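Colleague: Residue numbers for the sequence shown follow the working numbering, so the first one is 349 and each next one is one higher.
Since the hints were made in silico from the structure, they are not lab data.
Note that this is a predicted model, so its numbers are computed, not measured.
Every residue gets a Cβ at the ideal spot worked out from N, C-alpha and C, and that includes glycine.
Heads up, a few of these hints could be off.
Unchecked claim - Simulated restraints, written as ranges between beta carbons of each label pair:
| no. | residue 1 | residue 2 | range |
| --- | --- | --- | --- |
| 1 | G472 | L394 | 24 to 34 Å |
| 2 | L394 | R445 | 29 to 39 Å |
| 3 | H449 | R406 | 41 to 51 Å |
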Amino acid sequence: MMKRRWASFVAIGIVFGALDFYYLGFLSQFPWTIWHFVVLNLGVWLIPIIPVALYEARRSRSSLHSALAGIVTWCAAIVAYYLTNAVHLAFVGVPGRSELHISSYGSETFWTNWPRVFRGSIFGGIREWMPVAVIGGATIGFLTGLGYLGFIRQSATHRGERSPQEEAHHA
Numbered sequence: 349m350m351k352r353r354w355a356s357f358v359a360i361g362i363v364f365g366a367l368d369f370y371y372l373g374f375l376s377q378f379p380w381t382i383w384h385f386v387v388l389n390l391g392v393w394l395i396p397i398i399p400v401a402l403y404e405a406r407r408s409r410s411s412l413h414s415a416l417a418g419i420v421t422w423c424a425a426i427v428a429y430y431l432t433n434a435v436h437l438a439f440v441g442v443p444g445r446s447e448l449h450i451s452s453y454g455s456e457t458f459w460t461n462w463p464r465v466f467r468g469s470i471f472g473g474i475r476e477w478m479p480v481a482v483i484g485g486a487t488i489g490f491l492t493g494l495g496y497l498g499f500i501r502q503s504a505t506h507r508g509e510r511s512p513q514e515e516a517h518h519a
C-alpha cells in the first residue's frame, strides 16, 4: 500500500508537470502585470503539493514524510515539464524551431540539433530547477505536514482527547 501511495505522488507530479507546460503558454496570452503573472505561475505549483503533503501527514503522522512527498511530487513535475517540452518540440512544433519537428527527420541537421536541445534546454532546465524542487518541495511539504499535525494535536487537546501521536505512544 505504501509503494502505491508513493507511486501516486509520482503520477500526480507527472500529470501536473505536463499540464503546467501548457498552462504557462495559456498565461502568456493575457496582459498580466508581472506580479499577477508570477503569482499565477508560481502559485499553481502549490496545487499538487498541498494535498499530497496533507495526505502523507494524515497517513504517516510525520511532517518529514510530508516533506519527502513534496520533494517526490515536485521532482516528478519538473522532469515531466521538460519532457513535455521535448515532445511538444518534436510532435507539435514551435515557430522558429521547425528543424526539431519530426517532419524534418530526413534533414541533415535533425540529429545534430536534438542532442544540443536535450543537453541545453531539456536536461539543462531539469538541472536548473531540480534544486528548487528539492528545497521548495521539502519546505512546503514539511510546513504543510507540521501545520496539519499541529492542528490535529491542538484539536484533540481542545476536545480533551489524546492526539494520534499520544495514542500511538500509549498503545
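Colleague: Work down the list of hints and note, for each, if the structure agrees.
Modeller: Do the hints match the structure? See the list:
1. G472 <-> L394: 24 to 34 Å: Given a distance of about 25 Å, which is inside 24 to 34 Å, the answer is holds.
2. L394 <-> R445: 29 to 39 Å: holds (31 Å)
3. H449 <-> R406: 41 to 51 Å: Once the Cβ atoms are compared, 46 Å apart, the range 41 to 51 Å for R406 and H449 holds.
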